[in-house]
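K.L.:
First to last, the sequence lines map onto chains G and C. For the first sequence, position 139 (counting from the first letter as 1) is numbered 139 according to my numbering, and the numbering increases by one without interruption. When you read off a place in the second sequence, starting at 1, and then add 1000, the result is the number in my numbering.
Be a bit skeptical, because a hint or two may be false.
Sample of chain G residues lacking proximity to chain C, with all beta carbon distances greater than 10 Å (derived) [what the hints assert, rightly or not]:
(1) 3
(2) 32
(3) 47
(4) 135
(5) 156
(6) 158
Below, a list of computed lysine-lysine pairs in the BS3-like style, where the Cα atoms sit at most 30 Å apart [as the list claims (entries may be wrong)]:
(7) G:39 <-> C:1038
(8) C:1021 <-> G:39
(9) C:1038 <-> G:17
(10) C:1182 <-> G:17
(11) C:1038 <-> C:1295
(12) G:17 <-> C:1200
(13) G:39 <-> G:17
(14) C:1182 <-> C:1295
Since the hints were derived computationally from the structure, they do not count as laboratory data. Using N, Cα and C, we set each Cβ at its ideal position, and we do this for glycine too.
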Amino acid sequence: MTVDVGLTVNGAHHDVKIDPRTTLLDLLREHLGLTGTKKGCDHGQCGACTVLVDGVRKNACMNLAASCGDREIVTIEGLGTEQALHPLQAAFVKHDGFQCGYCTPGQICSAAGMLAELKRGLASAVTADLRAPVMELTENEVRERMSGNICRCAAYPNIVAAILEAAGKA
Amino acid sequence: MRAFSYERPMDMAAALAAIGKPGAKFLAGGTNLLDLMKVEAETPQHLVDVSRLPLTEIVEENGGLRISAMVSNTDLAADARVRERYPMLSRAVLNGASGQLRNQATTGGNLLQRTRCYYFYDSSSPCNKRVPGSGCSALQGFNRIHAILGASDACIAVHPSDMAVALAALDAEVEVRSAKGKRRIKITDFHRLPEATPQKETNLNNGELITAVILPPPPAGRQVYRKVRDRASYDFALVSVAALVDLEGERIRSARIALGGVAHKPWRALDAERGLVGATLSDDAFAAAGEAAVKGAQGRGHNDFKIMLAARTVARALTEAAQQRKA
C-alpha cells in the first residue's frame, strides 16, 4: 500500500507517493535528498532530526510523513544560505558550537524553534514563577529548553554561548 | 516496522467508524506509538490518524477546565489558566520529555503512553505485557526503574507519565467517546494495576477515543510537582510527587498526594492524605505522610532505594507546598 502526500519543504511543494511507514525524516533524506537533517537514534531521544513543522520544532523521526500532508517543513537547508547565514548559524560558527557537527543541524533548528517558543512566553521546567512572563533567556533556561538535543562531543558550553548570542538577533 | 495501512478521517464520526477495522489503532502525536512500532512492540495493521480532529481547545467548564484530547503537551503547560490555577499540572508537563516531544505529544496520548520497561521494548526478552504468558524478565533482571507499589508477579512495570500524576492529584476525569456514545472515567480508575493481565493498561474499551480531560475547579491550597530522576532534564521519573497542602494557620485543612514512577498507574496516596487532615504543620507530620504513602511497598532488588526515596520526596513536596503559602 502507498499513500499520496503533498507537503512544502523549504518553500518548495512536493507531491510524493510513499509507503505509510516512511517517517518525515526518511522522506527528507531518502526521497527528497535533503541530508542536512540527520538520523541519530531514530527514537526521538537525540534531537539530531529536529525540523520545524509549521514553525514548531519537532523530531522528524517521530512523525509519519503521511501525517505531514499540507504541512510546511523547514530544515537546516531552508534556514539560511551560505551567503546569508541564519543568525544562529553565524553564532554557532563564531562560538565553535560543534565538534563533529552531526548534531548541529538539529541543534540549530531546535534553537530556532525554542526562540520562537520564548517569544510566545512559554515557561520551562526551570522557570521559577509560572505566573510571571518569561523575561530573559539565561544559561540555565537554554540548557533546560535544549535538553532534547544531545551532543556526543559535549560542545554544550559553546552551543549555549551561541544560542545566547543569537537570541538577541534571531 | 510491520506494514500497515493509513487513513486520516476529518471528523469524529468517521474516526469512530474507522477504528472498527481489523487491527486498527488511533494515531495522535505518535511519540510513543511510532517509537514502539519501530521495535515491533506495537504492530497495528491500520492507523486511524486523529491528530487533526478539532479537539485542540481548552475551555472553561463548570468552574474548571475542559482540555480537549489533541491539545499538545506544550499548549497545555503554556495555558495561562493552567499556570495560574493548576500549576502542578503545568509543572508536571514541563518536567516530561523534551521541547520537541512536548510540541508533538497530545493530552490524550500522554495518558496512553506505555511503560518504558526495557524488557517491554526488547522483543527478544519475555514480557507478559508484550506477549501475555511469556513471563516477566524484570522480576529477576534489572529492575531499578520498576514498581514498588501495586505490582504483581506478572509485571512490575511503571506508568511513565508525569502529567497523569498531577491529574490524579487534581481529581481529573477522562472523557471518552465511541460509536455507541460517550462516558467519563475518573483518572484514578482510568489506568489499571497489572494483576494477571498487564497487557491491559487502561479501562478504555475497544473503539473508544479519548476526547477530553476534565479538570474540576482548582482545589484550595498550594500545589507542587517534584520529580526525581537520573539527570536534570529529559528523563523519566524515578519518583515524582504531585502534592497539595491547604492550611488554616498552622493547621492542615487538607492535603493531596499522588506519586509517579512507583506503580503501573499514577498512585494516589489517600491514606497519607487522610493522616494529615487536622494535623499541625510540622516536619514530623510530613515525614509520617511520606511513610504512609509507601506503606506496603515492595522492592525487587535494584529498586529498593525507591521506597525511601518516595517517602522522602513526598515529605519534601509537602514541605515545599506549605512553604509556598508562607512566602
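K.L.:
Decide, hint by hint, whether the structure agrees.
P.N.:
Hints, one by one, checked against the model:
Not every beta carbon of chain C lies more than 10 Å from that of residue 3 of chain G, the smallest distance being close to 5 Å; the non-interface claim is violated. At the 10 Å boundary, the C-beta of residue 32 of chain G stays outside the reach of chain C, the nearest C-beta of that chain being 20 Å off. Residue placement check: residue 47 of chain G does not keep its beta carbon more than 10 Å from all beta carbons of chain C (closest about 6 Å). No Cβ of chain C approaches the Cβ of residue 135 of chain G within 10 Å, the least distance being about 15 Å, so the stated non-interface status holds.
Every Cβ of chain C is farther than 10 Å from the Cβ of residue 156 of chain G; the closest lies at roughly 12 Å, confirming the non-interface assignment. With a least beta-carbon separation of about 19 Å from chain C, residue 158 of chain G lies farther than 10 Å from that chain, consistent with its non-interface assignment. A C-alpha spacing of about 14 Å is found between residue 39 of chain G and residue 1038 of chain C, which places the hinted pair at or below 30 Å, so the restraint holds. Taking the CA atoms of residue 1021 of chain C and residue 39 of chain G, the gap is about 33 Å. The hint is violated against a cut of 30 Å.
Note on residue 1038 of chain C and residue 17 of chain G: the hinted pairing holds, with a Cα-Cα distance of about 21 Å set against a maximum of 30 Å. Between residue 1182 of chain C and residue 17 of chain G the alpha-carbon distance is near 37 Å, which puts this suggested pair outside the 30 Å criterion. Between residue 1038 of chain C and residue 1295 of chain C, the direct Cα distance comes to roughly 39 Å. Violation of the 30 Å bound is thereby established for this hinted pair. Among the hinted pairs, residue 17 of chain G with residue 1200 of chain C is inconsistent with the structure: their alpha-carbon atoms are about 36 Å apart, more than 30 Å.
Pair hint residue 39 of chain G plus residue 17 of chain G holds up; C-alpha atoms about 22 Å apart against a cutoff of 30 Å. Annotation: proposed proximity of residue 1182 of chain C to residue 1295 of chain C is violated, straight-line Cα distance about 37 Å (limit 30 Å).
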